[in-house]
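*Asks:* As they're listed, the protein sequences go chains L and U.
Okay, so the first sequence: first residue is 1 according to this note's numbering, each after it adds one.
Okay, so the second sequence: first residue is 347 according to this note's numbering, each after it adds one.
Simulated from the structure, these hints should not be mistaken for laboratory data.
Beta carbons: idealized from backbone N, C-alpha and C, even for Gly.
One or more hints might be untrue.
Mimicking SDA-like on lysine to any residue, the simulated pairs with C-alpha atoms at most 25 Å apart in a straight line are [claimed, not checked]: (1) Lys-626/U / Ala-294/L; (2) Lys-626/U / Gly-193/L; (3) Lys-280/L / Pro-625/U; (4) Lys-280/L / Gly-570/U; (5) Lys-280/L / Gly-424/U; (6) Lys-280/L / Thr-623/U; (7) Lys-280/L / Arg-478/U; (8) Lys-626/U / Asn-41/L; (9) Lys-280/L / Arg-591/U; (10) Lys-626/U / Leu-276/L; (11) Lys-626/U / Glu-273/L; (12) Lys-626/U / Thr-277/L; (13) Lys-393/U / Gly-193/L; (14) Lys-280/L / Ala-640/U; (15) Lys-626/U / Ala-270/L; (16) Lys-280/L / Val-491/U; (17) Lys-280/L / Pro-203/L; (18) Lys-626/U / Ala-225/L; (19) Lys-280/L / Asp-408/U; (20) Lys-393/U / Ala-294/L; (21) Lys-626/U / Val-339/L; (22) Lys-280/L / His-569/U; (23) Lys-280/L / Ala-225/L; (24) Lys-626/U / Gly-275/L.
A few chain L residues that face chain U, going by a derived Cβ cut-off under 10 Å, partial list only [as the list claims (entries may be wrong)]: (25) Leu-61; (26) Pro-65; (27) Arg-104; (28) Ile-112; (29) Tyr-153; (30) Ala-154; (31) Gly-240; (32) Thr-272; (33) Gly-274; (34) Ala-294; (35) Tyr-295; (36) Pro-298.
Each chain, written out:
Protein chains: 2
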Amino acid sequence: MAGTARPGEPERAATSGRQPSLTDVAGLAGVSHMTVSRVINGTGSVKAETRARVTAAIEELDYRPNSAARALVTGRSGTLGVVALDSTLYGPASTLYGIENAAREAGYAITISSVSRPQRSSISDAVENLRRQAVEGIVVIAPHVAAGRALEYAPRDVPLVAVGGGETASVPVIAVDQYDGARRATEHLLALGHRTVWHVAGPGDWLEARDRERGWRETLERHGAEVTRVVRGDWSSRSGYEAGRSLVAERDMSAVFVANDQMALGLLRAFTEGGLTVPKDVHVAGFDDVPEAAYFSPPLTTVRQDFIELGRRTFGLLIARMDGGEHQVRHLVTPELIVRESTGPR
Amino acid sequence: MAGTARPGEPERAATSGRQPSLTDVAGLAGVSHMTVSRVINGTGSVKAETRARVTAAIEELDYRPNSAARALVTGRSGTLGVVALDSTLYGPASTLYGIENAAREAGYAITISSVSRPQRSSISDAVENLRRQAVEGIVVIAPHVAAGRALEYAPRDVPLVAVGGGETASVPVIAVDQYDGARRATEHLLALGHRTVWHVAGPGDWLEARDRERGWRETLERHGAEVTRVVRGDWSSRSGYEAGRSLVAERDMSAVFVANDQMALGLLRAFTEGGLTVPKDVHVAGFDDVPEAAYFSPPLTTVRQDFIELGRRTFGLLIARMDGGEHQVRHLVTPELIVRESTGPR
DNA sequence: CGCCGCGATGTTATCGCTAACACTTGGCCC
DNA sequence: GGGCCAAGTGTTAGCGATAACATCGCGGCG
């Protein structure tokens, strides 16, 4: 038996003050602190009996490794950072949830840094903020042009991936294929026999809004349908409502593709107030498939994005980046069209 | 001029490999590492000219303090943990946002640990998970009985506050006054002349559901109104829809208080399908005031909870706890009734 | 029979920072 | 003019972990 401490008379850590350290555990188990470290990390080889003694000591002292000390010596913090632009929205919140779950399973912690306004400076600030936390990698959830610009100047020395944004070549991007989703929705509406499809777009400085609009426009062009004027909202139900009011007046309007479900809700409301019945007078499709979409009046045809899956894949992409691999720039997740009554029989 | 390095010939950190350290900055500025530390932390006194030189060196090397080293020596990680039960819902997500904002302003980082299912063990796991990250304090957002039970066994050595949950005496709780909100909604409906008010409740193991139900029940009793049978949902629109279908059949049903807005949406849908018109045939009120509630068909009367404010106050409460003060157990935030068409004139 | 290698363990250096204390200089007071 | 104080700076000692190397038996093999 090695060491100076006698197992029969363990040196207990003072019950007061500070947390027990490796040395305290070692004292109690009658081994060196290095042996305890080996037991904890499963490295090296330790006799079964010794391991049992150490484990018991850890248990008794309720020992927990000091993550700061470990991070200092290993140079790895075990933490990833996520920048989210308005994490109260369903999409970002779900993506974050997916990322966090995958990260936790892999033993990483997640630190968040929200950004309320989509400005290049605030996004850069958030990234900088995370770097100060010594995160090992960063995810930016900000499908916004400002984010794209911010990422061009992103630090090179910390692995970074973007969700849903940026044509930047310098940062790998993962996203749901907005263009394809918009195409599906638009083609679905055209297939119902409409001469053309109107569009309520999202804010012009959001990449998702641009891609959806482009998907809609090019689908119309490909089918030789007239490209109507675009009404623009800001993602909110309120703006959808206003868009709806402006469309009610429009003659020869029989189908609308709205860039997200919340605006679609407002639009439905405006149509109802304006005396238009959906789907009898007008067909409406949305985007996102928020959990409530199936219970709108009428239930909304929409494009489903699997945010949880998106989050998981984002985490995988970041890990691959951190390991130095994975230089492919753009990863797309395919969305799915969910048909409901808002584009149903008249 | 002190030190051995000549300012004219700065010792640059190797461009390769590791991040610059205090010593690298010190070398470049021609001072000791301790002076650099003083400049960074604003402690002690440093001559203006020296400070300028150090600042320039920091800038040039793009130096960033190593948070692990700092945490190791100070014993403070500068990180707070948040446990959230389903952070994709509007309420928890907004509360988290409020907490994170307040924390960031105060220089703290936020680490999250989501819990998908409201079990005592998983909540304890999440807390344990955060402790391993050496957080200085923990917020548990989980207005659920399981959370309450988990908190009774919560570690004593890390400051912890709960949002919206638990009658536990051991942990300070901050919450929106659910009882009062339910009272307001119910009294509003009674004041419209209804003989009684029906209730679609949330899941029985959620404290918010219980408080809202109790607020409704006792208000009816206080006004001598009949207490009807309770229909129970699970917060989802789908369950609200089913509750609505079951209520459509009910004769003599003219007012419903639904425990949250999402269920209210489903209920409205079921009523529409069932041939009941709101507000003509039935009055409906919800709870939460999600951003979409104003655009339901019809716009929903509901009880607004200020989640952002709740988050800010939660952070304040946690900080107070961490400073050792603030032993008051229960803090309540008063909600507000927002009246819209769903309880409007017939 | 001595040496090599390996399993099991201990010793020492080190990560980057702050706390605590030591030291120098110059001005001011008596 | 000697001593004291404060400003400004440096030196040293850890914080609690892991990495790297050292040590010690012991069994097998040439």
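*Asks:* Confirm or reject each hint.
*Replies:* Taking the hints in turn, this is what the structure says about them:
{"no.": "1", "hint": "Lys-626/U / Ala-294/L", "result": "holds, 24 Å"}
{"no.": "2", "hint": "Lys-626/U / Gly-193/L", "result": "violated, 36 Å"}
{"no.": "3", "hint": "Lys-280/L / Pro-625/U", "result": "holds, 23 Å"}
{"no.": "4", "hint": "Lys-280/L / Gly-570/U", "result": "violated, 46 Å"}
{"no.": "5", "hint": "Lys-280/L / Gly-424/U", "result": "violated, 58 Å"}
{"no.": "6", "hint": "Lys-280/L / Thr-623/U", "result": "holds, 19 Å"}
{"no.": "7", "hint": "Lys-280/L / Arg-478/U", "result": "violated, 58 Å"}
{"no.": "8", "hint": "Lys-626/U / Asn-41/L", "result": "violated, 68 Å"}
{"no.": "9", "hint": "Lys-280/L / Arg-591/U", "result": "holds, 24 Å"}
{"no.": "10", "hint": "Lys-626/U / Leu-276/L", "result": "holds, 20 Å"}
{"no.": "11", "hint": "Lys-626/U / Glu-273/L", "result": "holds, 15 Å"}
{"no.": "12", "hint": "Lys-626/U / Thr-277/L", "result": "holds, 19 Å"}
{"no.": "13", "hint": "Lys-393/U / Gly-193/L", "result": "violated, 78 Å"}
{"no.": "14", "hint": "Lys-280/L / Ala-640/U", "result": "holds, 24 Å"}
{"no.": "15", "hint": "Lys-626/U / Ala-270/L", "result": "holds, 19 Å"}
{"no.": "16", "hint": "Lys-280/L / Val-491/U", "result": "violated, 47 Å"}
{"no.": "17", "hint": "Lys-280/L / Pro-203/L", "result": "violated, 29 Å"}
{"no.": "18", "hint": "Lys-626/U / Ala-225/L", "result": "violated, 42 Å"}
{"no.": "19", "hint": "Lys-280/L / Asp-408/U", "result": "violated, 63 Å"}
{"no.": "20", "hint": "Lys-393/U / Ala-294/L", "result": "violated, 67 Å"}
{"no.": "21", "hint": "Lys-626/U / Val-339/L", "result": "violated, 31 Å"}
{"no.": "22", "hint": "Lys-280/L / His-569/U", "result": "violated, 45 Å"}
{"no.": "23", "hint": "Lys-280/L / Ala-225/L", "result": "holds, 22 Å"}
{"no.": "24", "hint": "Lys-626/U / Gly-275/L", "result": "holds, 17 Å"}
{"no.": "25", "hint": "Leu-61", "result": "violated, 13 Å"}
{"no.": "26", "hint": "Pro-65", "result": "holds, 7 Å"}
{"no.": "27", "hint": "Arg-104", "result": "holds, 7 Å"}
{"no.": "28", "hint": "Ile-112", "result": "holds, 6 Å"}
{"no.": "29", "hint": "Tyr-153", "result": "violated, 13 Å"}
{"no.": "30", "hint": "Ala-154", "result": "violated, 13 Å"}
{"no.": "31", "hint": "Gly-240", "result": "holds, 7 Å"}
{"no.": "32", "hint": "Thr-272", "result": "holds, 6 Å"}
{"no.": "33", "hint": "Gly-274", "result": "violated, 13 Å"}
{"no.": "34", "hint": "Ala-294", "result": "holds, 7 Å"}
{"no.": "35", "hint": "Tyr-295", "result": "holds, 4 Å"}
{"no.": "36", "hint": "Pro-298", "result": "holds, 8 Å"}
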